[in-house]
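Protein chains in written order, with our numbering: chain U, 4 to 376; chain V, -15 to 267.
Watch out, some of these pointers could steer you wrong.
What the hints assert, rightly or not - Cut-off 20 Å, straight-line C-alpha distance, at most; resulting in silico cross-link-like pairs (SDA-like, lysine to any residue): (1) V:Lys184 x U:Met103; (2) V:Lys95 x U:Ser15; (3) V:Lys91 x U:Tyr100; (4) U:Lys143 x V:Arg177; (5) V:Lys91 x V:Phe172; (6) V:Lys184 x V:Gln25.
Just so you know, the hints here were simulated from the structure itself, not pulled from any lab data.
Letter by letter, the chains look like this.
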Amino acid sequence: MTAITLDGLTKSYDATDMDDIPDNEIVAVEDVDLEIEDGEFLVFVGPSGCGKSTTLRCIAGLEDATGGEIRFGETVVNDLRPRDRDVAMVFQNYALYPHMTVRKNISFGLRLSSALTTPEIDSRVTDVAEMMGIEDLLSKTPDELSGGQQQRVALGRSIVREPGIFLMDEPLSNLDAKLRAEMRTEIQELQNDLGVTTVYVTHDQTEAMAMGDRIAVLNDGLLQQVAPPEEIYRRPANEFVAGFIGSPSINFFDVSVDGQTLTAPSGFSYELEDHSVEDDTVRLGIRPEDLTIEEGGDDMTVTVVEKMGNENFIYGTVGDVEVVARTPVTVRPEPDQRVGISFAESAMYLFESETGAAIKTKTDEIEPQAAQF
Amino acid sequence: MHEKLEKEALWQFGGYGFLVAVTMVMMFPIYWLVVASTLPQSAIFAGGAGELPRLIPGRNFLANAEALAARPEVDFYRSMLNSLVIAVVYTGLALLFCSMGGFALAKYEFKYKRALFMGILGTLLLPTNLLVIPLFLLVSNMGLSNSYWAVILPWAAYPLGIFFMKQAMQSIPDSLLEAARMDGASEFQLYYRVVLPSMKSSLAALAVILFLFQWNLFLWPLVVLREGKYTIPVAISKIMSNDMIAYDQLMVASAMAIVPMFVVFILLQRHFVNGILGGAVKE
């Protein structure tokens, strides 16, 4: 088990052959500072091209960092080859060796880089196969396996070496929704049991929220925020994080501001307590579940009602702004109906228009649990 | 519905009929070669001009083969052995070089890679005739003339083979190589434990191409080899070099010369088709 430190990690690519690229380089990851604790499950999340996979590949040693330092414990590993870093990686497409049986796929790393004898290797492979529930598949080749089975083999292959760090690059994205949910739980259980530091990359914010001890949100190569899931959701550092985390996405409105007083055409006004804004407008954010739909009002025109079974998503427009509300199933307005919307001030987020930095985040309390197990 | 099926069947029948006809046209010279190898010289051209040659096999195969064996200047069976040794060693060596070259070009980034690749492809434009003199001087200076190596080495890094393997290896996902690197494989282990075994079909297809190329090579072996080291094409040309051409011997030699090619092709046929079509369809 190993702690990971990223100290000013930067990765850029030479782009001298490409037109219209300033400074002839593409910066994929810029000045990322991050400490991942021993045994922690950290999830990198962000949109495509945000640098999350590049960061993971730098940690793995598959990409050379162009700046900054990567440390495992106290050891700087920038110049170490992947094989010398004591890390195991699970790839998006599983990357199983197509010509080898499951047994050979799992034992390949041990045969190459350990001093174990053949019986010892066999016994380890059998133990891991039992742990992953793939004992019956050991003599099959990858093309004879389903996606879920291949994923288990790929996980088995990374576990068998007992590495200090697990790296996972979107390992569930090729599975169907049901299997994905199952494997999500399995990976979490596995990580809990083994206690190995795990860095997991996904573009799926639901997966990130569900799995991570902490989440690191990246955008355009820059680290936006690192925090536990609940904090990321309730206290996003900026407008990007607020918009990226949460499904359906948070609603944003532009509201006028004069010093400390916010006003909207609807008559809404709000006094900022300890913050003064120089801009003329700020961005007001409100989560879909914090919007209340009121019949008889005249704020929003309903466009679509999505009935999810346990709740409804009400889509509509307020002026030019598209809005979504998450409501109990009993709230079911008709399309084209005019409805009122309201929200508690404690549920409101405010972001600076220019920089997107958070001015105010949710202040409402989470209701205590009905029962403790 | 019934009519549609009938029409489809008719088209299928017509299509197969056409393919069978084309195959027969292509196979006919080979069939005649085999038949002629079983006939005495007098019977080969018995039909005369404008008539079909005799198409029923005779019983002179062994007699023709014995007559062929009796000609020391041809030394046919020795040439057969020479060709086999050269073609087998060449195929093995060229597979190694072509797969290594192809792997480097497909999976590594290095300076001037594109220029190098273009240079390799460019050598395909040079006709063998043009290369004969410089190659001969090179091989002589290396002290290799009249040796198997003189025929094996010059095309061991066969440009077409490097191109073929590069194209095939581009289909290997990078993550497969990265997984092996994470598993502790060195770059060479990557090549022979992961890349080569996943490329069996392409290697088999290339093996057929390389074997046929070397088996049929004529001009260069003629220049660089002397009696006793001749390969099959050179030996066959020697059958024709006297005042009278012994067609019976020529036919029996040619018939025997195509046997190894058939054997190689049939052994690797399944892989050959897979290899040639590799990457053509998404699986």
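Hints, verified against the model:
1. Under the criterion of a C-alpha separation no larger than 20 Å, the hint pairing V:Lys184 with U:Met103 is consistent with the structure, at around 13 Å.
2. Of the pairs offered as hints, the one joining V:Lys95 and U:Ser15 holds, with about 18 Å between alpha carbons and a cut-off of 20 Å not exceeded.
3. For a cut-off of 20 Å, the pair hint linking V:Lys91 to U:Tyr100 stands: about 17 Å separates their Cα positions.
4. Restraint check: the Cα-Cα separation between U:Lys143 and V:Arg177 comes to about 18 Å, which is no more than 20 Å; the hinted pair holds.
5. About 13 Å separates the Cα atoms of V:Lys91 and V:Phe172, which keeps this hinted pair within 20 Å; it holds.
6. Pair hint V:Lys184 plus V:Gln25 does not hold up; C-alpha atoms about 45 Å apart against a cutoff of 20 Å.
Taken one by one, the earlier hints fail for this structure only at number 6.
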